[in-house]
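Protein sequence lines, in the order shown, are assigned to chains A and B.
Anchor point for the first sequence: position 27 equals 27 in this note's numbering, and the numbering is continuous, going up by one each time.
Each number in this note's numbering comes from the position in the second sequence (counting from 1) with 1000 added on.
Simulated from the structure, these hints should not be mistaken for laboratory data.
The C-beta atom is built at its ideal place from N, Cα and C for all residues, glycine as well.
There may be inaccurate statements among the hints.
[Unchecked claim] Stretch-level coverage of chain A by chain B, calculated; a stretch enters the list once three of its residues show a Cβ under 8 Å from a Cβ in chain B: (1) 53-61; (2) 122-135; (3) 182-188; (4) 248-257; (5) 324-335; (6) 338-344.
[As the list claims (entries may be wrong)] Below, simulated DSS-like cross-link-like pairs (lysine-lysine); rule was C-alpha separation at most 30 Å, straight line: (7) B:K1021 - A:K275; (8) A:K406 - B:K1091; (9) A:K48 - A:K205; (10) A:K276 - B:K1091; (11) A:K205 - B:K1021; (12) A:K131 - B:K1021.
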Amino acid sequence: MERPLTKNIHAGRQPLSLKEYTTTGGYIALQQVLKNNTPQEVQQLVQKSNLKGRGGAGFNTGMKWSFVPMGADAPQPKYLIANADEMEPGTFKDRLLLEGNPHQLIEGMIIAAYAIQANISYVFLRWAYKKAARVLEQSIHEAYEAGWLGQNILGSGFSLNMHLHTGAGRYMCGEETALLNALEGKRATPRAKPPFPQVSGLFGKPTIVNNVETLCCVPHIVNNGAEWFQSLSYSEDSGTKIYGVSGKVNNPGAWELPIGVTMRELIEEHAGGMKKGYRLKGVLPGGASTDFLTEQHLDIKMDFKSVAAAGSRLGTGTMVVMDDATCPVGFVHNLQHFFAQESCGWCTPCREGLPWVEKILLSIEKGEGKQEDIDLLQMHTQLLGPGNTFCALAPGAMEPLQSAIKYFRDDFDRHIREQKCPY
Amino acid sequence: MLSKEEIQDIDHEAAKLPYKKAAVIEALKIVQQRRGWINDESVDDIARCLEMSAAEVDSVATFYNLIFRRPVGRHVILLCDSISCYVMGYKKIYEALQEKLKIRFGETTADQRFTLLPNACMGCCDRAPALIINGELYTDIETETLDDILLKYT
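Extracted from the complex, chain B is given alone in its bound form (with noise of 0.2 Å):
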């Protein structure tokens, strides 16, 4: 079920369109917002509430790549893997995330502290490379910066 508070957030985003169901991107960023990501529940909970079908919601909600259908982790790291960080060695990040955390891309560790994921170019390519933990963005990475920057998420 929809909290209270998530459901005012919901009505006020539809509000603001012609129709309700335009405001199911919003909805589904305003439900994992509060609990992490999508459920099946969810997804008909925010069915019911905008007035359209399961189906469609999930047709939205498994197209954008920043809702999330699975569980995460506490602390969602999104490593850049797209061109400039490529030529500037997102790689060995990458590696040294895998070793220190335990995980490849896609998976969380055991104590639910982190989920990696890959991203596509966040646009600071002159910062190269460059990951996003929890929407704080970090660049110039280097793997021997990598611990300070884990160590404060927990």
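Next up, chain A with everything else stripped away, as it sits in the complex (with noise of 0.2 Å):
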């Protein structure tokens, strides 16, 4: 089995140097796409090769990139950037790259910032993630240095900048329009698509965002080909995950592996199982954003359609297991707490009712609910749901309410008829 982006990560030990990462075989796609390729078979490479993006929404890489406008008429200068906002609550996959292995995202980068010519480049990275900024800043300098970055690398006439941003908080700058907001200064609100960022994106031109582990796979794909990516995985969608798991398993953690993987496999085999003295009630299988599933659905592969037909999303590939001895309202609640601090306040629908959401499910886990309340509840969940907000953060926080409700329904009655927490 193949684990194309940590095989050079282990625990405990130092980020690759850039000369390490160059004994092991890195760089060198670089250096082919520049001698060889123009920047159209690159994209044409990346969108056959069906990588699809990391972050959350699963669309096809290759594809996102050909929307840019290309050619001496193009706007200028365009930007690629590297989404690191990892802030997706139960979500530690990317900080396990960029911590690990710093030029790998860059050379990742580099490439993807000449399939749309771009020639500047960020690095939009959290501000919890303080070790990361040390690599980073250390390795962009060391890509300078050895003439990976700036002006006409390898004298191919293709130039590139690289620079470091560390956030300031908020889940919000995650979205990529808030991200770009934020990087210009401004509060991280989201903005209205189309114009989408690759035609007006950051300071108004041409603009991508990746996630950090969707540029990672990038150079690998150029090395071994778009076949050898598809062949990685178990199921349709291409390449292996970060997936993780945290909760209470015996051996919480994150590992690359194929995509397709089921979801027994990730919580028995690498997890470890449950801890002694409890059971697995509940998954959310990609963050705090998507669905529950239960243990019904612990054979379903991990990948972008097997969980989407089981009612979920696959999200970052990193779940929280909720136990039987946690109380799912109160599990609830913590999330649309942590929704409705996070809401930026743009759209009414969110600011408002998300506040609402948190202030009902409080009262039912105090035991102060009304059997009305979960009527209420259901129908924040269509209020809230995709078309009626500006953006996907209250649809998201919706996704865990209303499959909690579906598949906890119990707890939630039981909560209101003997009005207490029976946790």
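Could you fit the two chains together into a complex? Lean on the hints.
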């Protein structure tokens, strides 16, 4: 089983230096691309590999790139941004890549920038990743010194500058248009689409924003080809995925595995099963904004289509396990508290609706709930659902709520009937 | 008044960007780094420095949760209250901190030593519960190990 993204990352070891990265095959893909490929060829290769965005949305990366205006008439400068604002609760996969092998990301970014002919690139890193910030700063410096960044890279005529931007908090910054506003020094509120960032993004110029894990796949696709990348997976989605498990399991962590491993394999083998005395009650398969799945879904494949068919989303692929000693109402209240707090306030349904949902859940949890509260919550899952808000934050928040009411209805009813939390 | 070094650092950031205003988050971070928090005077000073209105600066300063618009203690404790830490028992850690420091979320100890704030997911959910003090990350926190951690900060 191949683990292209993490084969050189070992727990407790220092991140790969430039020298170590190049001796393990690093920057060969970049040389190859600059020497032998047109930008369009790189776009086509990545599109053919069927690499899908690893940040949660799962859009074909090569196709995203193909929307950027190319040629002499294209607006300048164009921008390439690595979204390293990993803030989806329960998600800790990009940290591994950033801290373990920073040059893999940098090489992926340079190739992606070449593919869309962008000359300025940013890593948008969340403030909390202090170690990653130190590591990236050092690595970007090394890449400049070695001539992988800067003017006329390897005499190809292609130039790229790279900057590290560390945020000042707020979940919203992970939404790609809000991220652009944050980079422009504004409040991180989302922008109306269209125009899409590919056409009018940072400072009004064509911009691609890709997740860290997505960009890290790019050098490997160049080195080994689209067919190889497709062959890595157990399903129709290509490649490997960094999956993670947190909660009361014996061995919480993150592992690179073929896309399409089952939830059961992840939880029982890699995460070592539930801790003694606890049973699995529910799982958020891809972060806080994905629908609950339960024990009956353990054998589904963790790929985009299978998780969707089961009624949830692959999201970031890092799952949170809810055990039978944790109150589902309290669990969902915690999630809604997060979403209500992180709502940017730009659109009314999200700004007003989420705090209302949070308050209802808190009153049920405290034993002050009324039977009609369940109807009110269900009504909110519609009113804050897709199409009714400006961005995906509130619809994402409604996913675990609607599925909690579906799967754990007894727990909600019991809180209301007994006028206390039974946990 | 901003110091010479602060103005220099802000100008350095602004020079990388298409227009001055775009450097406002960096400017707030630069000033907070030196002064601990952003007071009204600093908002005015940054506004003048970047040729924008004080209201515009404040709209940005109040949006981002790690820009502090109120005074904080010498050390800021950020305790993760998101879902994995919830499952793994951050509330016990919070209770222990309340008992030890006699402050709740949003408060500062009387001796100005610590400010305690809740914070969203820190991206180390496999090692929950977690907290950050002055940028330093601590994971797999237990109530028994809290004293050793707090002792490092005087």
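For each hint, the structure was consulted:
With 0 residues having a Cβ less than 8 Å from any Cβ of chain B, the stretch 53-61 of chain A misses the three-residue criterion, and the hint is violated. Only residues whose beta carbon comes within less than 8 Å of a beta carbon in chain B count, and the stretch 122-135 of chain A has 6; three or more means the coverage holds. Counting residues of the stretch 182-188 of chain A whose CB falls under 8 Å from any CB of chain B gives 7; the rule of at least 3 is met. With 4 residues having a Cβ less than 8 Å from any Cβ of chain B, the stretch 248-257 of chain A passes the three-residue criterion, so the hint holds.
Given a C-beta distance limit of less than 8 Å, the hint that chain B covers the stretch 324-335 of chain A holds, as 5 residues qualify and 3 suffice. Counting residues of the stretch 338-344 of chain A whose beta carbon lies closer than 8 Å to any beta carbon of chain B gives 4, which meets the minimum of three for the stated coverage. As the CA atoms of B:K1021 and A:K275 are separated by approximately 52 Å, the hinted pair breaks the 30 Å bound. With a C-alpha separation of about 27 Å, the suggested pair A:K406 and B:K1091 falls inside the 30 Å cut-off, and the hint holds.
About 26 Å separates the Cα atoms of A:K48 and A:K205, which keeps this hinted pair within 30 Å; it holds. Between A:K276 and B:K1091 the CA atoms are separated by roughly 21 Å; this keeps the pair inside 30 Å, and the hint holds. Only pairs whose Cα atoms come within 30 Å are accepted, and A:K205 paired with B:K1021 is accepted, the gap being roughly 17 Å. Between A:K131 and B:K1021 the alpha-carbon distance is near 28 Å, which keeps this suggested pair within the 30 Å criterion.
Consistency note: the structure conflicts with the earlier hints numbered 1 and 7.
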